[in-house]
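Just so you know, the sequences run in chain order E and C. Counting from 1, one number per residue, gives the positions in the first sequence under UniProt numbering. Counting from 1, one number per residue, gives the positions in the second sequence under UniProt numbering.
These are calculated hints, taken from the structure and not from any lab test. Quick caveat: nothing in here was measured; it's all calculated off a predicted structure. All residues carry an ideal CB built from backbone N, CA and C; glycine is no exception. Watch out, some of these pointers could steer you wrong.
Said to hold, decoys possible - Heads up, simulated SDA-like pairs for lysine to any residue below, C-alpha to C-alpha not over 25 Å straight-line:
(1) E/K22 to C/V118
(2) C/K172 to E/E157
(3) C/K282 to C/S312
As the list claims (entries may be wrong) - To give an idea of the interface, some chain E residues facing chain C are shown, with a C-beta separation under 10 Å as derived from the structure:
(4) I31
(5) F34
(6) R35
(7) K36
(8) S91
(9) W93
(10) R95
(11) L98
(12) I110
(13) L111
(14) L122
(15) K127
(16) V138
(17) L147
(18) E156
Here is what each chain is made of, one letter per residue.
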Amino acid sequence: MALVRVISSDGAAFLVSQRLAKRSGKLKTEIETFRKSSDNSEAQPEIRIVTIRAEILRLVLQWLQQHQNDPVLPANQNEQDGRGDAEMGQSQWDRDFLAPMDLGIVMELILAANHLEVKGLLDITCKLVESKITGRTVDEIRTAFKLKSDFKGNEEEQTRLENRWCVEN
Amino acid sequence: MVKIQYRLVVFSKMENLEDNNCSDGEHKNEIEVEEIAETDVAIASLKQECTCDTDNETGAFGRDSTNGDGGDCGVDGDVEDIGACADLCGIEKIALQCNAESLVYSPAVHFLELPDLVVEEILKHVDKDTKLSLRLTCHATKKWVETQTFMSLFHVSINADEEMISLVQFAKLFPTTKWKKIAFLEKLFASHQSFPSFVSTFSSHITHLHIHYFNGGLAQILFLSSCETLVHLQIDEMDIRDNPSLLVASDKTLKAKCPKLLEVFTTLKTLVIGTIFFNNVKQLPFYQTFLQRCRKLEKVNVPRPQGPNTISWEAVKTIQLKSIIGPISEYLHKKPVTSPIKTDIKLLDVEGLFSRHFPTVAESCVRTGAVTLFENVNEKHVKYLFTHEGDILQRIASLKEKIDDRRPIEKWVNLQDLYVRSSRCDIRNEYPGYIAYPKLKNLTLLMDSRERDDPNFLMLQRLVKLLIMSERVNLEKFYLQWPAFSHNTPQDYIRAQDFCGNFCNLTKLHVSGWTAPDDDFLLICSVLIKLKHLILEECLNLTDYGLLGSSELLYPAIMNLRHLVRLEVRNRNNPGFLTDQCFELAFVNMRLKFLLIESFHVTKNAYENMAEGEIRYTIQKLPIPHILPRGVADQDEFKALVEMHFPNVIITST
């Protein structure tokens, strides 16, 4: 079976079947580029992902393995379809997978899914963040995402004034 | 299933793994590659097992498969010794190639570091209220939602000239903010001195315009013609009694005097005109010209003509048929060569249509094959249907007053809004397990049955089963009302448990005259967690317990409704039983924008304490309750109380 080595930013290597790796848009492109440039068709591709550390890469691969039989979602899927897939595709496994993660890890996972072009994972992680901010007050959002108010003078008050017009009838 | 297992060992310095107990910062990552022959998939799953006793484990490296490379390599010693090993397999070599810098554990990513496209993906489905909160969080998050698209989601209603002035002043302060949906709900907007300023500021980006009164005066016409991006136009009252020259002008005249107006008409997709006031029937052909100028309409209504008192009611009906329905029918199925009209009207609002003309309009849609749905159909409209019944029923999107199953229930597949009085409905059959009206979004049920109409209320039971006791995931608004008089419908025909489980996506619940016990309200607060609006009117048995629940609960039941922005507990005919406890334990900590509590037991302190809670950041409207809080003498004192504690809150009368 054709394998590919995927190496994280901190040097950990993962041996992955090419079939599974190709479920990531980025890895698929890299493998195909390697094949075109390599004389030896038997040679094992080696892909270094300099922006993703081992722990996160492991999570991405774990998610891909779990969803290996799902249809691959095109990256440019339109809004409504994408929403439907994200909701439909979020299984109990996905919920258990994301449950123990703190928001920092989820953010890294989003970046990794975005970088590796794994649409399904990007959808469920974005949805998790969305659920963390929906219905929260300003203070709760600041606390949850470790944000600080950088408004000066009466900027915040002006924004409140601006928001007052944004009331649905 | 053939399962071949590889066991590889790599070392890497994982300094920040808090869950490991390794004292020296060295971790062994044991990689298992499982090859599953059936699925032809292999994955390297990294098991981060921390052990300082590397001697025991490193020697375990190897593989018991005959495929692949690097099979016979072993590693001895701890991480420092790895470099000395000259004969490592591929994966270990890769580990060695990493320099010290690349092994540094990257810090968790901050929310603000997410790429714009990802932020866009996250915000795509966040509700408007949360976006408003994000605008107040910090500069970066404010920037995310400070877009014209976001602002265009909101309507701005102008009820008085002062509001127009205020909006113009506001626009000067925030020039980047653009609203696209404007409603003028008063008659005099064009005569006010600030109107030219308003036009120059806003007209270029208005897409939705709602005008209460339109008489085709020069100022109004010029305003309309300056709205180049206009898509939806709603006029409640159109007055052509003074023969507005520009409104009834020919294309040639209009091109000469106001060329932009013709362009505005061509972009319109919605045209709603409530009533057309006329003096003479000869004035009405303007409607045909008006309609034909709008070439891309997707929604249109049937206006009701209103002539002088000398014109009889019957004559008005005939005028509507000839001067209004005629042009609409022509629009629907003719494509004049001179005017390339696209007959793609998707919605036809027939609220103003005289009942007996409904078949004429409906059949013309059927004949042309237009995919048009009818809005605001009432029972009288349906009564006149004799032909094409099935085709027409499936085109009805909203129905008022009555349903009966003599018109086949299974045909009403597109019904979205239903407003019915139980006394008028006539359901003769049982429909066990059948979901009638699967697309229903809004349901209003007026429980006004009298026993003499239907012995033992059999019909009522069947109606309740048909509408309430089946799962309706599309239902968003539910209004359930028992009128105060003239009926004797038993209250226990509908209980909270009948609908709470079925209406899981309900966002607005309005119950009136419902004498359900507290447990029913408690259930609503616990189950219907997507509610945004909750209006409880004349609910005689509602006490604090119905909203708060037992004191043993971790937090008050109503706080389960995290999305709730509007709460009203109205009591006009009874004193109400809510007390300050509801304010103290729940309301002050909720993110309500609108709060109205009418109860004899609420005191002034309840409102004073609200100024200390979370609600002070969110509340926008506090109407004056019909029953003033204790300690407040009159409405002026209530206004003063609110203004003192909530200076930015709008105080309205109920």
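Verification of the supplied hints:
| no. | hint | verdict |
| --- | --- | --- |
| 1 | E/K22 to C/V118 | holds, 22 Å |
| 2 | C/K172 to E/E157 | holds, 16 Å |
| 3 | C/K282 to C/S312 | holds, 16 Å |
| 4 | I31 | violated, 14 Å |
| 5 | F34 | violated, 15 Å |
| 6 | R35 | violated, 18 Å |
| 7 | K36 | violated, 22 Å |
| 8 | S91 | violated, 18 Å |
| 9 | W93 | violated, 15 Å |
| 10 | R95 | violated, 17 Å |
| 11 | L98 | violated, 14 Å |
| 12 | I110 | holds, 6 Å |
| 13 | L111 | holds, 6 Å |
| 14 | L122 | holds, 7 Å |
| 15 | K127 | holds, 8 Å |
| 16 | V138 | holds, 5 Å |
| 17 | L147 | holds, 5 Å |
| 18 | E156 | holds, 6 Å |
In the structure shown, a violation is registered for the earlier hints numbered 4, 5, 6, 7, 8, 9, 10, 11, in ascending order.
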